[in-house]
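Given only the sequences and the hints, what does the whole structure look like? Please build it.
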Amino acid sequence: MIPISHYLILSAVMFTIGCAGVLTRRNAIIIFMCIELMLNSVNLTFVAFSAYLGDSAGQIIVFFVMAVAAAEAAVGLAIVLALFRNKKSVDINDVNILKW
Amino acid sequence: MHHYVGLIVLFPLIGLIVNGLFGRHIRSERVVGWIGSLAVGIPFLVAAAILYGMLGSPVEERSNTVTLFTWIAAGSFQVNAAYQVDQLSILMTLIVTGVGFLIHVYSIGYMHGDRGFWRFFTYLNLFIFAMLNLVLADNYVLMFLGWEGVGLCSYLLIGFWYEKKFAGTSITWTGDAANKAFWVNRIGDFAFMLGMFLIFREFGSLTFSTVMDSASSLAPGNSTMFWITLLLFIGATGKSAQIPLFVWLPDAMAGPTPVSALIHAATMVTAGVYMVARNSLLYALAPDTMMIVAVIGALTAIVAASIGLAQNDIKKVLAYSTVSQLGYMFLALGVGAFTAGIFHVMTHAFFKACLFLGSGSVIHAMHEEQDIRKMGGLAPVMPKTYYTFLISSFAIAGFPPLSGFFSKDEILWSAFSQGSVLLWAVGALAALMTAFYMFRMVTLTFLGTPRWAKDKHPHESPPTMTIPLIVLAFLAVTGGFLGIPAALGGGNALHHWLHPVFERALDRLPTAHEYSHMTEYLFMLVSVVIGVSGFWFGRKIYLANPDADDTFAAKAGGVFRTLSRKYYIDEGYMRGIVNPLVATSDRFLSRVVDTALIDGFVNGLAKVTASFSGVLRLVQTGVVQSYASMIVVGLLLVLGLILLG
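These protein sequences, in sequence, are chains A and B.
Following this note's numbering, the numbering of the first sequence begins with 71 at its first residue and continues without gaps.
Following this note's numbering, the numbering of the second sequence begins with 206 at its first residue and continues without gaps.
Simulated from the structure, these hints should not be mistaken for laboratory data.
Worth double-checking, as some hints may not be accurate.
As the list claims (entries may be wrong) - So the derived list for chain B, only partly shown, Cβ under 10 Å to chain A, looks like this: (1) V824; (2) G827; (3) V829; (4) Q830; (5) S831; (6) S834.
Positions of the beta carbon are idealized from the N, C-alpha and C atoms, including for glycine.
This is the structure:
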């Protein structure tokens with residue numbers, strides 16, 4: 071039996087990597103993937119606690135998160151696609167036109 | 206009957222709304238004109254019915270209040286839209302609606318073909334509506350609403366032909382004259398408001414009956430009463446064109462002539478007289494103010510009458526005559542002869558309205574010529590206008606038994622018996638001047654040889670104009686019979702009728718000396734002699750030589766010029782008050798206070814804020830990722846605090 075702390079450490083590492091990616095990268099797709107990474111690190115935490123506490127509620131919430139993430143992926147990728155069609159680029163520095 | 210008083214006010218309101226909203230689209234002048242006229246004529250019938258009801262009821266039941274709705278309620282302070290129907294207000298209502306109706310009918314003829322025909326009748330109805338609120342109100346606030354309303358209508362109607370030029374002291378357009386009237390009235394209105402505030406502080410109410418009931422327990426000579434009455438009187442000097450605020454009225458002649466007749470002669474300018482009469486009890490409690498009122502009235506009467514001697518504009522003569530006659534009314538009020546004042550309001554409304562409408566008829570016939578030096582010989586051309594004008598001139602000059610004789614003589618007699626010989630002498634001298642300038646005007650306008658240009662074709666006015674003239678001339682003849690003095694064997698019906706209204710005030714005034722009828726006859730004889738000699742000289746001098754003014758100017762140039770330039774009062778006001786005010790406003794208030802101080806402060810505040818935000822806005826980069834970084838840093842800080850703390 072792998073102790074719960076391992077799961078949590080792995081989850082924390084994944085979340086930090088995802089967060090750093092969101093804050094530092096300029097490529098929209100990579101930022102997008104980093105958000106997915108953050109979501110999945112949370113999923114991992116839920117599942118780990120669910121197994122550890124013997125409570126299925128955590129796993130059910132994970133399904134909700136996955137459903138939302140899928141929807142978000144669909145919309146997000148569509149936006150990126152539309153952006154690329156217009157700008158021939160997915161660099162977010164090219165779409166800061168609302169900035170003063 | 207008095208329950209129907211609401212109808213009196215309702216009809217002008219309906220007329221105003223109908224003509225105001227739809228008048229533009231009504232093609233027929235007749236329809237517009239008769240809607241406007243009936244909106245005043247029907248209230249006259251209602252008021253007459255109410256009067257009939259009052260005549261049939263005992264004296265104690267003649268004064269009633271009809272409350273329509275609560276207008277303002279704030280804590281214990283309450284103002285109702287309520288009308289007080291009593292002997293005084295019904296009389297004023299009859300004058301306003303009666304003379305008003307005749308002038309409306311006259312206007313149908315006079316304003317024929319004017320671009321703003323419907324606008325004119327809308328304003329006239331608005332005026333009647335406001336004036337009726339003024340005279341019927343049972344409290345100061347509603348009266349003030351009417352007071353301001355008539356002032357507004359006066360402004361709108363003086364400037365009715367706003368594209369027309371009008372010459373006066375620093376006045377070039379009719380609009381300037383309208384502004385002048387409005388501004389001068391503001392001074393008076395401001396004093397009226399201060400008076401109202403004082404009344405509220407003193408009595409805690411603004412309803413006439415409550416104020417009068419509380420005041421009746423006070424002793425005469427109270428200093429608060431002095432200020433209240435003085436402030437109200439200053440209000441009256443504005444509206445009723447008394448010294449020192451009379452200067453607007455002669456320039457108000459820029460308006461169409463029916464307006465001069467209705468607003469600036471018969472009704473609105475008597476509002477001040479009515480207001481003082483309505484507050485007669487308060488005035489009786491302030492003998493010092495009474496003295497001021499009497500002196501100002503006498504001074505106004507003589508100053509205006511003397512200016513009238515040397516004016517050449519037919520309407521200007523009448524305007525100064527109006528100011529002078531209003532002076533008589535205040536003289537009467539000031540010596541405590543309230544009935545005599547109101548009596549003169551009534552007779553003056555008849556003969557002065559007739560004179561103004563007659564002058565309008567002349568101006569109409571002469572194609573907008575107003576200079577009497579360029580008239581003459583109009584009597585055979587327009588006989589109806591001439592005879593009505595002549596009758597009214599006799600009335601104003603005080604020929605017995607015409608109306609002006611009774612009212613003016615009662616005033617002069619009261620000035621002597623209740624005031625002093627000096628007040629009587631001033632009034633009598635003004636009466637002489639009145640008779641003289643009236644017949645100077647009649648002679649120059651209607652008699653002698655024609656002096657008008659060959660291309661002018663004067664003609665008698667249409668019946669809509671002459672019928673009101675005839676009716677008013679008839680009233681100018683008979684109106685005085687309401688107040689035949691006891692010395693002439695009359696009952697002085699008006700005196701008895703109004704007595705309950707002034708009863709409490711008269712109780713507080715010192716009783717007049719008793720003089721024998723012989724003395725009274727003597728004074729009447731003097732009045733008649735004065736009137737006749739004014740008539741005789743005015744007619745004789747100007748019939749013999751229409752250019753007699755030039756002779757006077759040559760012989761007594763200084764005096765004549767002073768009179769014809771109105772004692773340089775307008776120039777003095779311009780130099781002493783208006784120009785310094787404008788200069789102060791321009792150089793100090795505008796440039797220093799407004800531009801430098803106020804604008805400087807506001808702009809400075811904006812600049813300080815802008816410079817701070819110039820630094821602070823650098824934080825907001827607009828880059829989402831930097832915001833997210835802030836959130837993460839903040840989160841970490843909070844987490845750290847929780848974990849370490």
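Hints versus structure:
Taking 10 Å as the C-beta cut-off, the interface hint given for V824(B) is violated, the closest approach to chain A being about 13 Å. The criterion of a C-beta within 10 Å of any C-beta in chain A is met by G827(B), whose closest approach is roughly 3 Å, and the hint holds. Annotation: interface hint on V829(B) holds; nearest CB of chain A at approximately 8 Å, less than 10 Å. Contact between Q830(B) and chain A, as hinted, is supported at the beta carbon level, the nearest pair being about 6 Å apart and thus within 10 Å.
A cut of 10 Å between beta carbons decides the hint on S831(B): the least distance to chain A is about 8 Å, and the hint holds. Here the hint on S834(B) is kept, as its CB sits about 5 Å from the closest CB of chain A, short of 10 Å.
Of the hints listed earlier, the one the structure fails to meet is number 1.
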